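Novice: Given the structure of chain L, go ahead and fit chain E onto it with the hints provided.
Chains as they are written, first to last, in my numbering: chain L, 1 to 459; chain E, 1 to 459.
In case anyone wonders, no lab produced these hints; they're calculated from the structure. Check the hints yourself; a few may be wrong.
Unchecked claim - 30 Å max Cα-Cα, derived DSSO-like pairs, lysine-lysine: (1) LYS25(E) <-> LYS366(L); (2) LYS237(E) <-> LYS440(E); (3) LYS221(E) <-> LYS346(L); (4) LYS237(E) <-> LYS182(L); (5) LYS325(E) <-> LYS265(L).
Here the structure is a predicted model, which means the values were calculated and not measured.
Number of protein chains: 2
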Amino acid sequence: MSVNFNNFFKPKRIVVIGASRNPRKVGHVIVKSIVDGGFEGEVIPVNKKADRILGKVSYRTVLDIPGDVDLGIISVPAPYVLNVVKECNKKGIKDILIVTAGFSEIGEKELEDALRNYVNKYKMRCIGVNCLGVYDAHNNLDTLFLPRYKLERPRAGGISFICQSGAVGSATLDLVASQGHKFAKFISYGNATQIDESDILEYLGQDEDTKVICMYIEGIKDGDKFFEIAKRVAKRKPVVVLKGGLSERGEKATMSHTGSLAGAKEVYFGVFKQAGLIRVDSLDEMFNIASMIGKGINLKGNRTHIITNGGGYGILTTDAVVDSKNLEMSEFSEKTAGDLRKKFSKNVNIANPLDLVADANTENYKTAIEACISDNNIDIIVVIVLYQTPMVGADVVEVISEARRKTDKPIVAVSTGGDFTKNLSMSLSETGVPVFGFPKDSIEAVDKLMWYELKKKKL
Amino acid sequence: MSVNFNNFFKPKRIVVIGASRNPRKVGHVIVKSIVDGGFEGEVIPVNKKADRILGKVSYRTVLDIPGDVDLGIISVPAPYVLNVVKECNKKGIKDILIVTAGFSEIGEKELEDALRNYVNKYKMRCIGVNCLGVYDAHNNLDTLFLPRYKLERPRAGGISFICQSGAVGSATLDLVASQGHKFAKFISYGNATQIDESDILEYLGQDEDTKVICMYIEGIKDGDKFFEIAKRVAKRKPVVVLKGGLSERGEKATMSHTGSLAGAKEVYFGVFKQAGLIRVDSLDEMFNIASMIGKGINLKGNRTHIITNGGGYGILTTDAVVDSKNLEMSEFSEKTAGDLRKKFSKNVNIANPLDLVADANTENYKTAIEACISDNNIDIIVVIVLYQTPMVGADVVEVISEARRKTDKPIVAVSTGGDFTKNLSMSLSETGVPVFGFPKDSIEAVDKLMWYELKKKKL
Chain L
1 MSVNFNNFFK PKRIVVIGAS RNPRKVGHVI VKSIVDGGFE GEVIPVNKKA
51 DRILGKVSYR TVLDIPGDVD LGIISVPAPY VLNVVKECNK KGIKDILIVT
101 AGFSEIGEKE LEDALRNYVN KYKMRCIGVN CLGVYDAHNN LDTLFLPRYK
151 LERPRAGGIS FICQSGAVGS ATLDLVASQG HKFAKFISYG NATQIDESDI
201 LEYLGQDEDT KVICMYIEGI KDGDKFFEIA KRVAKRKPVV VLKGGLSERG
251 EKATMSHTGS LAGAKEVYFG VFKQAGLIRV DSLDEMFNIA SMIGKGINLK
301 GNRTHIITNG GGYGILTTDA VVDSKNLEMS EFSEKTAGDL RKKFSKNVNI
351 ANPLDLVADA NTENYKTAIE ACISDNNIDI IVVIVLYQTP MVGADVVEVI
401 SEARRKTDKP IVAVSTGGDF TKNLSMSLSE TGVPVFGFPK DSIEAVDKLM
451 WYELKKKKL
Chain E
1 MSVNFNNFFK PKRIVVIGAS RNPRKVGHVI VKSIVDGGFE GEVIPVNKKA
51 DRILGKVSYR TVLDIPGDVD LGIISVPAPY VLNVVKECNK KGIKDILIVT
101 AGFSEIGEKE LEDALRNYVN KYKMRCIGVN CLGVYDAHNN LDTLFLPRYK
151 LERPRAGGIS FICQSGAVGS ATLDLVASQG HKFAKFISYG NATQIDESDI
201 LEYLGQDEDT KVICMYIEGI KDGDKFFEIA KRVAKRKPVV VLKGGLSERG
251 EKATMSHTGS LAGAKEVYFG VFKQAGLIRV DSLDEMFNIA SMIGKGINLK
301 GNRTHIITNG GGYGILTTDA VVDSKNLEMS EFSEKTAGDL RKKFSKNVNI
351 ANPLDLVADA NTENYKTAIE ACISDNNIDI IVVIVLYQTP MVGADVVEVI
401 SEARRKTDKP IVAVSTGGDF TKNLSMSLSE TGVPVFGFPK DSIEAVDKLM
451 WYELKKKKL
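Same shape as in the complex, but just chain L (with noise of 0.2 Å):
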């Protein structure tokens, strides 16, 4: 039976229990969050002693609080958090997010068994412990303890990511936001003493705002609910994976940070292939991936065609293609060759890669790339621009992007440089064309996404 998260991400009333002044301490920052994130309903702080906080009337315990309140984030040192859960539990609020560490990842395991047995008897729901808290670009719902000016929040869109980590969490959330990648929700769950990564993975297939999931996960908690739910799930969605702990040594770093057991590397690798769950190795992989998805690349074919004005990016990217799994050069039809032959120089070579040489400029990419589009045998249009060359303009990016707004046929681009290049890729990358800075990244990331395509149709 799936569980609830309404009041995770739509509650109308939240208490901060632990709530302080200080505005280096967790529950400061917290409740700061929900205020900066532009939170619609109303946020009450719990503490023991303040009277106010940040402008907001704060009150000695949940009991005290007039009417309804649906979530309950606690933030209370580990020893006082089950005595907080029941007077939560007894002014009715079934739905509570713990942050506070220093349970089973420290080796008090019985502190987080009774707290996990509390919470079932009672039929609440909880997120944590020893976890970040959410977030909610689509309605305005920040819970997390780590300040803005330190921490960019993405904007509204397509990715949502579920962190067993709350540093792994924080820190891709911070680095994609300032890439202009743009979220769904984000859910840092912790030691999942009770809601686990597959309860939300379940709950974020269904969610209309998730386009692609990412997952990094440490150990799984049960291996066949794991199992079922992703299945169902990678059927809808994608749903891109990194697990951490691999090794032995990993496996045992793991135990001391959420208290989750890893297991073997080989078994884990075998249940995500089988589910049809996109692996990645490293967390810039991942986000690769995923910021493609979330622009809504559809692949229908593997046949890919490289436009450069580099000779060596071209090369580069054609090594790619051949040493992937799933892709394959494409060759233009006789009509394309004959009718591109005309159009350019003799020192343009009609083929895969086409280089345009170093003397391309906008106009020759929008031949290309118009040639691409219409011609059956190509699936795939990778288009490299380096835009330190004299004749390319920055009209190219419109000229890309006019071609993705006419087509179907993905397109990704490829740009490496420094602020000039940045500049033009993330204007590119806004209208909807995913931008990678590297050849073997932007092969690499469309070759996992087209091995998901396959896999789906099979599960």
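Specialist: Showing chain E alone in chain L's frame:
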């Protein structure tokens, strides 16, 4: 016999043949780059029609120029190149750099052969054809025909880059400049009509400004010569190599890019390994390693200790160390472990990774780093700092860079995030500490350098 490159890097008078008044033309940008680059000698334009270019007196031919000229840069159309080279020879200019394309890379083999025969016969030295030119950050020489507003130039430092492809060279030069990495020399050599990758490698092996050599090569003209020189150079300093055109398809593309024969992958890999070259699979990996080496990292042993304020990052880094070929996880000595147990709360598990947990502050980092420095069981220190957490201040940058000044033990840092993080990473990097964006990148770079250090002893 090694080629004398003095006139390519330290010329007093340069002539640009094919200089132009049109700012979008290659022959214009070259003159402008030389001037804007702060060249201390004289640059003289040659143009069939113009009297002045960029305010400088222009001549009809090189023969009209009074006095000696050290270097001739040629950017006239391919059919006129040989004639211009003859005029240079007549004028006594023995060193020429030809940027013009349109030779063997588009099938015009005879044109290129004739040119090669001529420069060889008259003992001229020729870089190019179909190349981008040279950049020397220490001597303020910049002949690149890519405008500075589009392509940032790196500051003076220890990385030199030999690049067959102009596009690969310029795009990455621009990127690494924006990342703050520092360069000695950059040489794009194109078709290698005469001077080839081996000649340049040999020269950079002796160049005092060059601390690490990066190479992007598509084909090698003379395998025996390359192997002999590469081995000799690698004994002295690290050489990082990326090979383009590894696949058969990539090979075809190479033929029409720089007219080189790419050759079998296995043969290349064997040669690189035997010669002690550090092989990389991508451009970002290349500069991850090179910039680390450029900072003077000195690996003496392989026992690696991880300090982190993010458990998940500790786990991912541990996985990467275990997965590496040449690194191993270190263990604290009993003394260090005992000392640290007294200094840290019970939330901190005294182990490797040393997870300072999310409320780690700058003082905790200081304690942890100093313990790793003084512990003889530890050779390499990986410091992960996630600045998003509330208690870590910007002053941790000072703690790490002070540690770097105090010890010979290699310290590398890992930080992921948006602008706040990037600014602090940049500050840290400026003090000579290599900073990586992700755990996997950092460990892979250290691992490959470790491989080199072990290999070097056997060369």
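Novice: Run every hint past the structure and note whether it holds.
Specialist: Each hint, compared with the structure:
Proposed proximity of LYS25(E) and LYS366(L) is supported: the alpha carbons are some 22 Å apart, at most 30 Å. A C-alpha spacing of about 25 Å is found between LYS237(E) and LYS440(E), which places the hinted pair at or below 30 Å, so the restraint holds. Simply put, LYS221(E) and LYS346(L) have alpha-carbon atoms about 26 Å apart, close enough for the 30 Å limit, and the pair holds. Restraint check for LYS237(E) and LYS182(L): the C-alpha separation of about 44 Å exceeds 30 Å, so the hint is violated.
For the suggested pair LYS325(E) and LYS265(L), the alpha carbons sit about 18 Å apart, so the restraint of at most 30 Å is met.
Hint check: a violation occurs at hint 4 only; the rest are consistent with the structure.
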